[in-house]
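K.L.:
The listed protein sequences correspond, in order, to chains Y and D.
Numbering (our numbering) for the first sequence: 1 to 470.
Numbering (our numbering) for the second sequence: 471 to 548.
Hints in this document: simulated from the structure, not taken from any laboratory.
For every residue, glycine included, the Cβ atom is placed at its ideal position computed from N, Cα and C.
Hints are not guaranteed to be accurate.
Ranges of calculated distance between the beta carbons of each label pair, as one might list FRET restraints [as the list claims (entries may be wrong)]:
| id | chain 1 | residue 1 | chain 2 | residue 2 | range |
| --- | --- | --- | --- | --- | --- |
| 1 | D | 497 | Y | 238 | 45 to 51 Å |
| 2 | Y | 211 | D | 521 | 21 to 27 Å |
| 3 | D | 537 | Y | 263 | 28 to 34 Å |
| 4 | Y | 242 | D | 492 | 36 to 42 Å |
| 5 | D | 528 | Y | 284 | 32 to 38 Å |
| 6 | Y | 462 | D | 525 | 29 to 35 Å |
| 7 | Y | 392 | D | 523 | 17 to 23 Å |
| 8 | Y | 238 | D | 535 | 30 to 36 Å |
| 9 | Y | 366 | D | 528 | 16 to 22 Å |
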Amino acid sequence: MNALELCYLSAGELSRRIKKRDVSPVEIVDAHLARIGETDGTLNSFITLLPDQARAAARRAESEILAGRYRGPLHGIPVGLKDLFNTGGVRTTSGSRIFDTFAPQRDCTVAARFYQAGAILLGKLNLHPLAYGPTGENADYGHMHNPWNPELITGGSSGGSGSATAAGQCTITMGSDTGGSVRIPAALCGIVGLKPTYGRVSRYGLTPLSWTMDHPGPMVRTVEDAALTMNVIAGHDPNDAASARVAVPDYTSALSGDVRGLKIGIPREFFEAPLDPEVAAAVRQAIGQLGDLGAITTEVSLPMFQHSQVISGTILMAEAAACHRELLAREGDKLYPPVRLRLEAGLFITAVDYLKAQQARSVFNREARHLLQEVDLLVGPTEPVTAPPILAEKVQAGNQSISTTAALTQYTRPYNITAFPAITVPCGFSRAGLPIGLQLAGQPFDELTVLRAAHAYEQATSWHTRRPPI
Amino acid sequence: MPAEIPLNQDAFREAFREAFREAFRFLAAQAGLDTASPHLDELYPYVQGVLSGVRSLDEIDVDGVEPDLVFIPSPEAN
Chain Y
1 MNALELCYLS
11 AGELSRRIKK
21 RDVSPVEIVD
31 AHLARIGETD
41 GTLNSFITLL
51 PDQARAAARR
61 AESEILAGRY
71 RGPLHGIPVG
81 LKDLFNTGGV
91 RTTSGSRIFD
101 TFAPQRDCTV
111 AARFYQAGAI
121 LLGKLNLHPL
131 AYGPTGENAD
141 YGHMHNPWNP
151 ELITGGSSGG
161 SGSATAAGQC
171 TITMGSDTGG
181 SVRIPAALCG
191 IVGLKPTYGR
201 VSRYGLTPLS
211 WTMDHPGPMV
221 RTVEDAALTM
231 NVIAGHDPND
241 AASARVAVPD
251 YTSALSGDVR
261 GLKIGIPREF
271 FEAPLDPEVA
281 AAVRQAIGQL
291 GDLGAITTEV
301 SLPMFQHSQV
311 ISGTILMAEA
321 AACHRELLAR
331 EGDKLYPPVR
341 LRLEAGLFIT
351 AVDYLKAQQA
361 RSVFNREARH
371 LLQEVDLLVG
381 PTEPVTAPPI
391 LAEKVQAGNQ
401 SISTTAALTQ
411 YTRPYNITAF
421 PAITVPCGFS
431 RAGLPIGLQL
441 AGQPFDELTV
451 LRAAHAYEQA
461 TSWHTRRPPI
Chain D
471 MPAEIPLNQD
481 AFREAFREAF
491 REAFRFLAAQ
501 AGLDTASPHL
511 DELYPYVQGV
521 LSGVRSLDEI
531 DVDGVEPDLV
541 FIPSPEAN
């Protein structure tokens with residue numbers, strides 16, 4: 001097996017080979033570092049690369065495994081973290097030069113759990129500054145570039161995580177999702193992205209953007225890898241005030257391939273919103289395939305969907321401004337100008353409007369929860385369009401030209417409002433060769449059903465096996 | 471006199487705009503922003519757009535609804 005093939009093996013497949021000692025963590029890490037060397041000049045996925053630390057960790061992993069101390073499926077697996085996950089002693093910039101030399105003293109909980117599982121950190125990944133934007137722009141560290149066409153955006157804010165996983169630079173990456181920042185780049189880069197239920201994965205040690213809507217989640221190439229990652233990172237954390245005390249299942253138990261009898265609702269409003277016909281056709285076909293596999297698909301209605309932008313937008317702007325108020329006052333002029341504008345505008349949201357948005361959130365949640373008493377999952381497109389050009393202010397979605405930010409967050413924001421687990425899986429390609437994502441969302445803390453349906457669809461199709469031309 | 475109405479309307483609009491801008495400057499100062507910075511000229515129309523968008527919250531009937539301030543969803547509610 002050549003080095004490039006190693007870079008495109010899933011964590012599941014790599015771990016089986018590591019366990020059998022067919023391949024060593026040292027070989028795997030060397031292959032990935034070489035792949036990063038070949039491709040990152042184009043993609044700009046990384047802000048900080050850690051070759052020496054990674055090689056040392058790989059040698060330790062190899063020694064442990066040879067000594068019979070195998071830690072589990074992530075032992076020896078190369079991972080990358082969005083550069084707002086604190087890593088002790090390793091700089092964590094949050095995508096802004098303001099924090100260019102900031103090295104936290106402690107690891108965030110997610111990093112600590114990866115290390116405990118024996119995963120190997122290759123580096124810290126590029127992001128939209130402060131995670132405040134859905135495109136993957138970054139004037140400080142350079143824009144992120146889509147592996148399927150480097151002139152196009154990766155999506156954001158976890159753009160480096162999306163490109164690194166899609167291009168075989170890392171086997172597993174982590175992103176954070178406040179309005180879609182895991183699912184947007186995952187869909188536009190053609191990979192799997194899971195936003196777990198709010199409270200399921202610790203936010204401790206992550207730079208906050210919105211305390212009530214931030215969700216860390218894995219970005220991987222297969223649904224099995226999402227399950228394997230969840231087995232490591234999910235669970236209660238006393239350091240996170242919002243961390244839930246809910247039993248954590250073995251997520252790989254969801255990978256049965258069987259969706260017979262599963263009830264899947266298709267909100268009709270998703271297809272009445274601005275939507276590229278090519279995307280709509282691919283998603284309709286994917287829903288049909290879920291039906292062919294035995295799921296019961298039915299049209300449902302989510303009228304509150306039309307208000308999701310203003311509800312989540314108001315909450316996000318107020319909370320982001322509160323999170324970063326001191327930074328704005330101190331060093332606002334050093335921030336990426338569009339991010340600075342968004343943050344400052346949040347200072348003008350009144351408490352009354354913030355609370356009204358939270359009231360509206362209650363109404364939205366009530367409606368969405370009611371729907372999930374009728375069906376097990378909700379399905380639709382992850383994105384209304386394929387990846388647009390870098391810095392494009394507008395996109396064409398069907399016969400409508402709309403703001404890029406509004407378009408990219410159109411289908412993802414609802415599940416930041418409700419906190420439901422939601423996954424995107426590749427479900428086709430446009431005529432221009434760009435990936436299209438299918439989004440499935442389920443009941444709170446029922447990631448198992450979300451993973452089960454996503455895995456069954458993935459196993460019945462081959463979209464996830466395509467590789468970008470880079 | 472019909473010819474005077476547009477003049478008066480323009481004057482009123484201008485006075486309203488100036489009052490709004492003054493209120494914006496006051497709030498910006500309260501928020502800790504540098505009101506002497508030319509950046510405020512860029513922020514002003516942006517904030518106007520945002521606040522105008524926020525008004526669509528008024529289309530949602532929230533009568534009798536408490537704000538959602540318990541953010542961790544309960545699995546028991548399923």
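K.L.:
Does each hint hold? Answer for all of them.
P.N.:
Structure-based check of all given hints:
1. 497/D to 238/Y: 45 to 51 Å: violated, 39 Å
2. 211/Y to 521/D: 21 to 27 Å: Distance hint for residue 211/Y, residue 521/D holds at roughly 22 Å.
3. 537/D to 263/Y: 28 to 34 Å: Holds, at about 31 Å.
4. 242/Y to 492/D: 36 to 42 Å: Check passed, 40 Å falls within 36 to 42 Å.
5. 528/D to 284/Y: 32 to 38 Å: With Cβ atoms ~35 Å apart, the hint holds.
6. 462/Y to 525/D: 29 to 35 Å: violated, 47 Å
7. 392/Y to 523/D: 17 to 23 Å: holds, 21 Å
8. 238/Y to 535/D: 30 to 36 Å: At roughly 32 Å between Cβ atoms, residue 535/D and residue 238/Y fall inside 30 to 36 Å, so the hint holds.
9. 366/Y to 528/D: 16 to 22 Å: About 19 Å separates the Cβ atoms of residue 366/Y and residue 528/D, which means 16 to 22 Å holds.
Of the numbered hints listed earlier, those contradicted by the structure are 1 and 6.
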